[in-house]
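Q: Let the sequences and hints guide you as you build the complete structure.
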Amino acid sequence: MVDIHNTRDTHYRLLDHCIPHIYTFVASTRTLDEITSSVPIFPGSHFVENYMQALSAGSKDVGATVGTMMLNSLIMALGISFGKIFISLLAAFAIVYFKFRFRMFFFWLIFITLMLPVEVRILPTYKVAADLKLLDSYSGLIFPLIASATATFLFRQFFMTVPDELCEAHRIDGGGPIRFFFDILIPMSRTSIAALFVILFIYGWNQYLWPLLITTDEKYYTLLIGIKRMLAAGDTQAEWNIIMASSMLAMVPPVLVVIIMQKQFVKGMTDTEK
Amino acid sequence: MEKRVVFKNKILPYLLLAPQIIITLVFFIWPAAQAIYSSVLQEDAFGLSRVFVGLENFRYIFSDRIYHNSIYVTAIFSFSVAAISMSVALLLAVMADRAIRGATTYKTLIIWPYAVAPVVSAVLWYFLFNPTVGMIAFFLKSLGVDWNYALNGKQAMLLVIISAAWREISYNFLFFLAGLQAIPKSFIEAAAIDGASPAKRFWTISFPLLSPTAFFLIVMNIVYAFFDTFGVIHAITEGGPNEATNIMVYKVYHDGFLGLDLGSSAAQSVILMIIVISLTVFQFRYIERKVHY
Numbered sequence: 001m002v003d004i005h006n007t008r009d010t011h012y013r014l015l016d017h018c019i020p021h022i023y024t025f026v027a028s029t030r031t032l033d034e035i036t037s038s039v040p041i042f043p044g045s046h047f048v049e050n051y052m053q054a055l056s057a058g059s060k061d062v063g064a065t066v067g068t069m070m071l072n073s074l075i076m077a078l079g080i081s082f083g084k085i086f087i088s089l090l091a092a093f094a095i096v097y098f099k100f101r102f103r104m105f106f107f108w109l110i111f112i113t114l115m116l117p118v119e120v121r122i123l124p125t126y127k128v129a130a131d132l133k134l135l136d137s138y139s140g141l142i143f144p145l146i147a148s149a150t151a152t153f154l155f156r157q158f159f160m161t162v163p164d165e166l167c168e169a170h171r172i173d174g175g176g177p178i179r180f181f182f183d184i185l186i187p188m189s190r191t192s193i194a195a196l197f198v199i200l201f202i203y204g205w206n207q208y209l210w211p212l213l214i215t216t217d218e219k220y221y222t223l224l225i226g227i228k229r230m231l232a233a234g235d236t237q238a239e240w241n242i243i244m245a246s247s248m249l250a251m252v253p254p255v256l257v258v259i260i261m262q263k264q265f266v267k268g269m270t271d272t273e274k
Numbered sequence: 001m002e003k004r005v006v007f008k009n010k011i012l013p014y015l016l017l018a019p020q021i022i023i024t025l026v027f028f029i030w031p032a033a034q035a036i037y038s039s040v041l042q043e044d045a046f047g048l049s050r051v052f053v054g055l056e057n058f059r060y061i062f063s064d065r066i067y068h069n070s071i072y073v074t075a076i077f078s079f080s081v082a083a084i085s086m087s088v089a090l091l092l093a094v095m096a097d098r099a100i101r102g103a104t105t106y107k108t109l110i111i112w113p114y115a116v117a118p119v120v121s122a123v124l125w126y127f128l129f130n131p132t133v134g135m136i137a138f139f140l141k142s143l144g145v146d147w148n149y150a151l152n153g154k155q156a157m158l159l160v161i162i163s164a165a166w167r168e169i170s171y172n173f174l175f176f177l178a179g180l181q182a183i184p185k186s187f188i189e190a191a192a193i194d195g196a197s198p199a200k201r202f203w204t205i206s207f208p209l210l211s212p213t214a215f216f217l218i219v220m221n222i223v224y225a226f227f228d229t230f231g232v233i234h235a236i237t238e239g240g241p242n243e244a245t246n247i248m249v250y251k252v253y254h255d256g257f258l259g260l261d262l263g264s265s266a267a268q269s270v271i272l273m274i275i276v277i278s279l280t281v282f283q284f285r286y287i288e289r290k291v292h293y
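In order, the protein sequences belong to chains A and B. Just so you know, the first sequence maps onto residues 1 to 274 in the numbering used here. Just so you know, the second sequence maps onto residues 1 to 293 in the numbering used here.
Treat the hints with care, as some may be off.
[What the hints assert, rightly or not] No farther apart than 25 Å at their CA atoms in a straight line, the calculated lysine-lysine pairs in the DSS-like style are these: (1) A:Lys-99 to B:Lys-3; (2) A:Lys-219 to A:Lys-133; (3) B:Lys-107 to A:Lys-263; (4) A:Lys-127 to A:Lys-219; (5) A:Lys-267 to B:Lys-185; (6) A:Lys-267 to B:Lys-8; (7) B:Lys-185 to B:Lys-107; (8) B:Lys-8 to A:Lys-99; (9) B:Lys-200 to B:Lys-185.
Bear in mind the hints are in silico, worked out from the structure with no lab data behind them.
A: In structure tokens form, the structure reads like this:
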């Protein structure tokens with residue numbers, strides 16, 4: 001079914017698809033003059049220089065270095081993914097393995113979070129964060145985003161498929177729920193956790209609106225906010241070489257996670273359907 | 001569906017649920033209730049006075065020309081993002097489905113942009129189309145196109161649509177490819193033996209069988225275009241020029257956070273809430289999912 005013509009066609013289309021990446025890389029290896037005075041096609045010789053300047057000095061329009069901002073983004077992404085996974089595991093465990101009053105009520109309460117993205121409750125959520133003194137802090141970047149209906153449902157689905165005999169045997173041996181959770185359930189959920197981690201890491205790393213609202217101190221800027229601040233350089237010429245180097249750096253962690261954990265990524269996408 | 005074997009403990013389940021529920025109440029339910037509450041109030045920006053005004057805020061925004069424009073812009077934007085990203089993704093998926101050698105490499109290259117944040121994707125396209133430094137802008141100018149999205153609303157719209165759609169191609173691609181690979185090869189082979197051309201095989205067999213996937217993706221793409229593209233607008237156009245890219249989510253942020261028009265912003269939030277609730281209900285009610293409740 002495959003002929004050479006088709007394959008070559010596919011190559012071209014893929015190339016089209018990747019042009020923004022390639023060109024960004026080219027620009028990130030040039031000086032600002034080279035970028036503004038002509039259209040470079042091939043990478044230049046300023047790779048190390050631009051990236052070092054971005055990482056250690058940053059752009060003159062933003063008070064923080066790209067190194068600091070990457071660290072902030074990383075803290076936020078890891079905090080959100082581990083936080084979401086952990087509290088969702090706990091919640092799913094409670095819902096599946098216990099009978100208690102208001103069980104379904106709590107279940108629906110969690111479900112509602114699906115329908116309330118930050119985008120529809122910008123101001124009041126900001127006010128809550130301000131009242132709780134969460135502005136300009138890592139807790140403020142992480143906690144408001146770690147409730148997760150999707151993760152809770154995913155783990156609930158998975159726990160439902162765990163054979164009852166395992167739990168029965170554990171109880172006959174005299175084990176309690178906490179031991180069962182940590183010694184049996186969590187190790188069994190490894191693949192689901194990994195799949196979810198990939199999706200959530202990307203979600204956390206790519207957060208934009210929330211950090212934009214609650215960070216005013218450069219010390220807590222995430223990289224994406226920093227890049228936007230570099231763009232808004234006002235009357236001066238935007239430092240495209242540094243912006244492009246920073247954009248490359250902003251792409252590297254999530255893209256690496258996707259490439260290294262591609263199988264889990266695809267599983268996570270199709271499992272959570274989100 | 002219930003577990004046969006359950007643990008008996010009166011307090012533990014509540015403790016286990018506590019973190020998730022506390023976060024949900026404090027950062028989701030309470031702010032949403034606040035938004036609904038302030039949507040029926042008239043407040044000044046300093047919080048000194050509050051007057052109950054009923055549905056006055058809603059009446060105001062629905063008679064506001066700028067809000068009408070915002071609804072229109074949002075409709076054009078989300079429809080175009082869905083249409084462009086889905087058609088390109090389908091094309092790529094059909095080709096990847098046919099390719100046997102190097103299929104994994106193709107897949108990796110195509111799904112890669114999904115990991116790129118909407119705002120970074122916006123910066124990349126912004127750079128390519130930037131009138132002073134961009135490669136595509138140079139090219140367009142050499143063709144005689146008067147390219148300046150900072151002044152021309154239509155060009156600005158085109159730019160944000162491309163930036164938003166590009167990343168979504170990867171998402172759609174994954175689902176289309178999975179859908180194509182789930183179609184039994186015997187269907188296609190039977191049609192081939194009967195002498196149907198590849199195009200005919202695609203339109204009469206593969207395409208109809210993909211329709212549930214396509215339907216699901218339309219909803220997901222609209223949700224994405226509505227609620228996840230704030231960064232694209234904020235980074236490239238900030239709603240301009242002259243409101244040409246002022247999508248509803250951006251307008252809520254702009255009116256509430258920058259303009260401090262609390263009542264109007266809250267009313268707009270409530271409208272968005274209604275939209276996202278309808279989309280979610282629609283998605284769960286009518287679209288087949290693997291998750292059953």
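Q: Run through the hints listed earlier and report the numbers of any the structure violates, in increasing order.
A: 6
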